[in-house]
Amino acid sequence: METPRERWIGRDAGPVVRPYAMTRGRTRPRGLVVDLVTILVTTGRTPGDRVWLSREQRRLLELCRRPSTPADLASETDLPFRVVQILLEDLHQYGLIEEVPQAAEPTDRPDPRILMRVLDELRRL
Amino acid sequence: MNFAASEQSASYPPASHRQDEDVPLHTLKVLVAGGFGVGKTTLVGAVSEIRPLRTEETLTDASVGVDDLGGVEGKSTTTVAMDFGRLTFSGGVRLYLFGTPGQERFWFMWDQIAYGAVGAIVLVDTRRLTTSFASIDFFEQREIPFVIAANQFDGARRYTAREIRDALDVDPDVPVMMCDVRSREVARGVLVALVEHALHTARQ
Chain A
1 METPRERWIG
11 RDAGPVVRPY
21 AMTRGRTRPR
31 GLVVDLVTIL
41 VTTGRTPGDR
51 VWLSREQRRL
61 LELCRRPSTP
71 ADLASETDLP
81 FRVVQILLED
91 LHQYGLIEEV
101 PQAAEPTDRP
111 DPRILMRVLD
121 ELRRL
Chain B
1 MNFAASEQSA
11 SYPPASHRQD
21 EDVPLHTLKV
31 LVAGGFGVGK
41 TTLVGAVSEI
51 RPLRTEETLT
61 DASVGVDDLG
71 GVEGKSTTTV
81 AMDFGRLTFS
91 GGVRLYLFGT
101 PGQERFWFMW
111 DQIAYGAVGA
121 IVLVDTRRLT
131 TSFASIDFFE
141 QREIPFVIAA
151 NQFDGARRYT
161 AREIRDALDV
171 DPDVPVMMCD
181 VRSREVARGV
191 LVALVEHALH
201 TARQ
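Chain order of the listed sequences is A and B.
Per full-length UniProt numbering, the first sequence starts with residue 1, numbered consecutively.
Per full-length UniProt numbering, the second sequence starts with residue 1, numbered consecutively.
Do not take every clue at face value.
[To be verified] Simulated coverage check for chain A against chain B, where a stretch passes if three residues somewhere in it have a Cβ under 8 Å from a Cβ of chain B:
#, segment
1, 34-48
2, 58-68
3, 71-85
4, 107-120
It is worth saying that the hints were derived from the structure and are not from the lab.
Here the structure is a predicted model, which means the values were calculated and not measured.
Cβ atoms here follow ideal geometry from the backbone N, Cα and C, with glycine treated the same way.
Next up, chain A with everything else stripped away, as it sits in the complex:
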């Protein structure tokens, strides 16, 4: 499969390729749903010969060599968050990136100990 062709009509406009062309038409992720602040890192595995990665995915994979969050990755690559989310989900499915766990057990509330630390630091700012 080929990368969708881009045309540039000016610096401000950016590449003229519909954002969801990069995700091959998908508008929502399957499987792993990455949060805005999930910490992701490369697994160190090599993409097999059968795995085709787009330029955007290769860039995201490169950036994930340092643990990073989808919000930071979207900001860095200037791609819409939802597009980044889908591309990352593919990379996860290929076994190329993984989530860095933040707590022993998954929870939908922040750890009070971390909140205490944040409070201390905010007060010192």
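Assemble chain B onto chain A, guided by the hints.
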């Protein structure tokens, strides 16, 4: 490990990152809610390093050029810019601030931000209090801790926090602050109030 020559099959070994201060280990989210022009960008910018972030491309005219984000209007008509800021603390702790407009059509984004979040700062414009009712309902229904920050605009009639609390009819334990979010000190105080409130709520 396979060190193949082609770019496609290059391997990406994880860097040794645990010692690196600049690497996230614990990430927290704060949602900054409020209507267009209420001061979300100002608040996020006053307290954190602001960064560009775009989302979705289904929204057009209403989002572009109306919010107080200089430069966005000429950029794209198919994406919407979110206010996005980051505070980096020691020990790999990062606090992310996300500001999105307070209209119902943006609520899909609110749900994403609010999941697992510390809580929300609801920025209100005292001249248009009713526009905040829907956002307050949103957080109350989902039991997400929130604080009310009423931005004091020059030339607007002055109210007390008590008057704002009564008008918005929020629970007595919800912090209500009158503030000028242009001040870093004030913006920091709003964040402190939210984290304290979140801790207090968690203990209950």
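Hints and how they fare:
1. Remark: the segment 34-48 of chain A is confirmed as covered by chain B, as 13 of its residues place a Cβ nearer than 8 Å to a Cβ of that chain, reaching the required three.
2. A count of 8 residues in the segment 58-68 of chain A with a Cβ less than 8 Å from any Cβ of chain B is obtained; the coverage claim is therefore met, three being the minimum.
3. A stretch counts as covered by a chain when three or more of its residues have a beta carbon under 8 Å from one of that chain; for the segment 71-85 of chain A and chain B the count is 9, and the coverage holds.
4. Closer than 8 Å: that is the beta-carbon criterion, and the segment 107-120 of chain A has 12 residues meeting it against chain B, so the requirement of 3 holds.
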